[in-house]
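Protein chains: 2
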Amino acid sequence: MSVETIIKEMAVKARKASIHMARLTAGEKNRVLSTIAEQLEKNAAHLQAENLKDLDRARDMGLSDAMIDRLTLSDKVIASMIQGLSDVVKLDDPVGAITGTWTRPNGLQISRMRIPLGVIGMIYESRPNVTIDAAGLCLKAGNAIILRGGSEALHSNQALAAVIADALKICGLPEYAAQVVPMRDREAVNFLLKQDECIDLIIPRGGESLIRAVVENSKIPVLKHYKGVCHVFVDQGASHDMAENICMNAKVQRPGVCNAMETLLVHEAEAQSFLPKIAATFKKAGVELRGCEKTRAIVPEAHVAVDEDWAAEYLDLILSVKVVASMDDAMDHISTYSSNHTESIITNDYGRARRFVREVDSSAVMVNASTRFNDGGELGLGAEIGISTSKLHAFGPMGLEELTTTKFVVLGDGQVRA
Amino acid sequence: MSVETIIKEMAVKARKASIHMARLTAGEKNRVLSTIAEQLEKNAAHLQAENLKDLDRARDMGLSDAMIDRLTLSDKVIASMIQGLSDVVKLDDPVGAITGTWTRPNGLQISRMRIPLGVIGMIYESRPNVTIDAAGLCLKAGNAIILRGGSEALHSNQALAAVIADALKICGLPEYAAQVVPMRDREAVNFLLKQDECIDLIIPRGGESLIRAVVENSKIPVLKHYKGVCHVFVDQGASHDMAENICMNAKVQRPGVCNAMETLLVHEAEAQSFLPKIAATFKKAGVELRGCEKTRAIVPEAHVAVDEDWAAEYLDLILSVKVVASMDDAMDHISTYSSNHTESIITNDYGRARRFVREVDSSAVMVNASTRFNDGGELGLGAEIGISTSKLHAFGPMGLEELTTTKFVVLGDGQVRA
Numbered sequence: 001m002s003v004e005t006i007i008k009e010m011a012v013k014a015r016k017a018s019i020h021m022a023r024l025t026a027g028e029k030n031r032v033l034s035t036i037a038e039q040l041e042k043n044a045a046h047l048q049a050e051n052l053k054d055l056d057r058a059r060d061m062g063l064s065d066a067m068i069d070r071l072t073l074s075d076k077v078i079a080s081m082i083q084g085l086s087d088v089v090k091l092d093d094p095v096g097a098i099t100g101t102w103t104r105p106n107g108l109q110i111s112r113m114r115i116p117l118g119v120i121g122m123i124y125e126s127r128p129n130v131t132i133d134a135a136g137l138c139l140k141a142g143n144a145i146i147l148r149g150g151s152e153a154l155h156s157n158q159a160l161a162a163v164i165a166d167a168l169k170i171c172g173l174p175e176y177a178a179q180v181v182p183m184r185d186r187e188a189v190n191f192l193l194k195q196d197e198c199i200d201l202i203i204p205r206g207g208e209s210l211i212r213a214v215v216e217n218s219k220i221p222v223l224k225h226y227k228g229v230c231h232v233f234v235d236q237g238a239s240h241d242m243a244e245n246i247c248m249n250a251k252v253q254r255p256g257v258c259n260a261m262e263t264l265l266v267h268e269a270e271a272q273s274f275l276p277k278i279a280a281t282f283k284k285a286g287v288e289l290r291g292c293e294k295t296r297a298i299v300p301e302a303h304v305a306v307d308e309d310w311a312a313e314y315l316d317l318i319l320s321v322k323v324v325a326s327m328d329d330a331m332d333h334i335s336t337y338s339s340n341h342t343e344s345i346i347t348n349d350y351g352r353a354r355r356f357v358r359e360v361d362s363s364a365v366m367v368n369a370s371t372r373f374n375d376g377g378e379l380g381l382g383a384e385i386g387i388s389t390s391k392l393h394a395f396g397p398m399g400l401e402e403l404t405t406t407k408f409v410v411l412g413d414g415q416v417r418a
Numbered sequence: 001m002s003v004e005t006i007i008k009e010m011a012v013k014a015r016k017a018s019i020h021m022a023r024l025t026a027g028e029k030n031r032v033l034s035t036i037a038e039q040l041e042k043n044a045a046h047l048q049a050e051n052l053k054d055l056d057r058a059r060d061m062g063l064s065d066a067m068i069d070r071l072t073l074s075d076k077v078i079a080s081m082i083q084g085l086s087d088v089v090k091l092d093d094p095v096g097a098i099t100g101t102w103t104r105p106n107g108l109q110i111s112r113m114r115i116p117l118g119v120i121g122m123i124y125e126s127r128p129n130v131t132i133d134a135a136g137l138c139l140k141a142g143n144a145i146i147l148r149g150g151s152e153a154l155h156s157n158q159a160l161a162a163v164i165a166d167a168l169k170i171c172g173l174p175e176y177a178a179q180v181v182p183m184r185d186r187e188a189v190n191f192l193l194k195q196d197e198c199i200d201l202i203i204p205r206g207g208e209s210l211i212r213a214v215v216e217n218s219k220i221p222v223l224k225h226y227k228g229v230c231h232v233f234v235d236q237g238a239s240h241d242m243a244e245n246i247c248m249n250a251k252v253q254r255p256g257v258c259n260a261m262e263t264l265l266v267h268e269a270e271a272q273s274f275l276p277k278i279a280a281t282f283k284k285a286g287v288e289l290r291g292c293e294k295t296r297a298i299v300p301e302a303h304v305a306v307d308e309d310w311a312a313e314y315l316d317l318i319l320s321v322k323v324v325a326s327m328d329d330a331m332d333h334i335s336t337y338s339s340n341h342t343e344s345i346i347t348n349d350y351g352r353a354r355r356f357v358r359e360v361d362s363s364a365v366m367v368n369a370s371t372r373f374n375d376g377g378e379l380g381l382g383a384e385i386g387i388s389t390s391k392l393h394a395f396g397p398m399g400l401e402e403l404t405t406t407k408f409v410v411l412g413d414g415q416v417r418a
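Residue numbers (our numbering), protein chains in the order written: chain A, 1 to 418; chain B, 1 to 418.
Just chain A, with the same shape it has in the complex (with noise of 0.2 Å):
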């Protein structure tokens, strides 16, 4: 069989599971994750086993350290994907919720019932605990899933495919609710985003080319964020020890990814006290920073920023700064820069909190906070598949909910059309 047909076949099985799953209570939901949990805990041995394999092949390829550690099956990720999997059954099954109800004056009973978003196709390069994670959390809000994660990870991710399907078949549901791609050519993602008739939605997780390749490709709606380059605004009036201990948290307690700061705007009348106080603290910490003339001119040693440095997602530690006049100036920075992903204000100015919230388009828009917090968990979600820069029914984190969909019920009496 071809690698297009082989695709196309596991859409259409995938569709098939999803009108299954989507009738499932939430009960008959829970003891599916249940289940591939205890199977996770069962096939450990097996699992590391076959992640072996792919670490081997890391190894000949020379494969960096960092890499090699992410793609690790280790006891302490397979405890984590089965806590991961606990966590998710205790959340609350959002199918079957009416969102809204009315009635209209022809004594029509109109509601919203959240239901599954139906197929999901989950292309990622990260982790293999990732497929796990996307599972427990699509399958939880009655969708079927489809991933292909890195070629890295292949064996890995054939063998945690295995032990969902075992799952699913224990509870005795549709085996291809939950399926891995099984083969590394590269064609087979620009397959699997051509089945729109059977995929609803494609969640992109990786690098920001591997995300422009999907959307260029895509034939479904992609739910993405390219890169997160996060600001932090020292606003007049701001106090210092906040503004400080906030502006360390986000850039430097875990800096490589998306929701650390990458640009710190301060207010030039904070400028001359704040920033000396703040460069010696990320000295201490190792933080590299690249500012604007008056940044320079009030910290010597930091280094010129030049205009790619506004747009970098550095995922390092590495701070570009700038010192702005006014909130104005701060939020046409943001708005020629930023990822629309998040933002943060220390402020002590009600009104300027005020605008700032209103105004700033980013997924989370923050006040007195540290942009680490844009995070399905820190948020309140309980999980997240991702978060979305996309504008659609999810901007930010995405957890249950934004893995469902309404639709319109009408109940009535026998009501025609005028």
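Where hints are given, some of them may not hold.
If several chains are the same, the list does not tell them apart, and a pair holds so long as it fits within one copy or across any two.
Said to hold, decoys possible - As a list, the in silico DSBU-like pairs of lysine-lysine whose alpha-carbon atoms are at most 35 Å apart:
hint, residue 1, residue 2
1, Lys194, Lys227
2, Lys13, Lys294
3, Lys8, Lys227
4, Lys16, Lys294
5, Lys8, Lys219
These are computed hints drawn from the structure, not numbers from a lab.
Could you slot chain B onto chain A? The hints should help.
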């Protein structure tokens, strides 16, 4: 300037205007809509003169009378555009609404705030009044819009665009918030569909081939329906009077629209008594029946339904009829052939009504009501910009709310992530 450059510049200007529009109050947006209505009234003669150019060209090209009728900006059509705008003025502004608030254990207060989508691209081939209707809804929801109407309506649409631009200028707002693509070139559409950095959502309205071409070429998410193959299922024990009344309304009241019934499914327990009656009624109304074998055994004058009939959107006084052994058979038929648009069950059975509502995967699922009610106005959304059978934030009619999304607002007191 090349067509590509023109389209790109339109998209960039729309993006810029959208930032401005997103910040307007309901009062400011209502003033724009009222001003468009005033300008339509003032400029009616000019609009009709421009429309005449399109009509002359259409006659030269030999377009059908029906097409020419749809193209005509009669006094009545202009009055209905003005009325439509005034209806939208009366609708609540969705923007700024807080759709949920909760507090995290660390004291962070999280909210979801409704915001405009940004820039909507509307591609349509129908009447020029869509230009005003769509612009009114998009602007009221705080969006910018780029409109690409049918090439046969270019003069009319450009004149309407000038009216909107004037109204925006009178209100001190960016005129690029609503723009009409100013040329007939087909490639303009394809360039528009590539502006994913500036356009958030594409809504195509028109024939299936237009919509398929849009989906094929778009890098931007598309909300659409290809067609409406709507079913009515007459269940065992249903009231025959109610069933007849609803079936007639669903088929005959306006057969050329997407929410008209195309297939009638009848439970075999009712077929013998119900089908002869409804066949006689349909005959009087000029409806051609195409039936399965069991149908033709009861109604011999029905034509033979072939496989294509079950998937056909006739948009005409033709109806396919099938006798089914159970509701499960009916639901199987629906899940095989339906376009996920609208399905209705006529029943008096509580359990089956509940199952039908839950299990049928269509944008509107109805009990004892005509499929013709799947319409934004009829469902109480106030107005609609189209009907989606894509499953994203909108599944079904798209009103003002479906032209928005939400962002997360995070209010803290200095919280950092542990």
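Hint-by-hint comparison with the structure:
In this assembly of identical chains, Lys194 and Lys227 lie within 35 Å of each other by CA distance both inside one copy and across copies; the values are 25 Å within and 20 Å between. In this homomeric assembly, Lys13 and Lys294 come within 35 Å of each other (Cα to Cα) only across copies, at 31 Å, whereas the closest approach inside a single copy is 60 Å. When the C-alpha separation of Lys8 and Lys227 is checked against a cutoff of 35 Å, the pair qualifies both within a copy, at 31 Å, and between copies, at 23 Å. Proximity of Lys16 to Lys294 under the C-alpha cut-off of 35 Å is restricted to the inter-copy arrangement: shortest distance 28 Å between copies versus 61 Å within a copy.
Proximity of Lys8 and Lys219 under a CA criterion of 35 Å is satisfied in both settings, with 14 Å inside one chain copy and 21 Å between copies.
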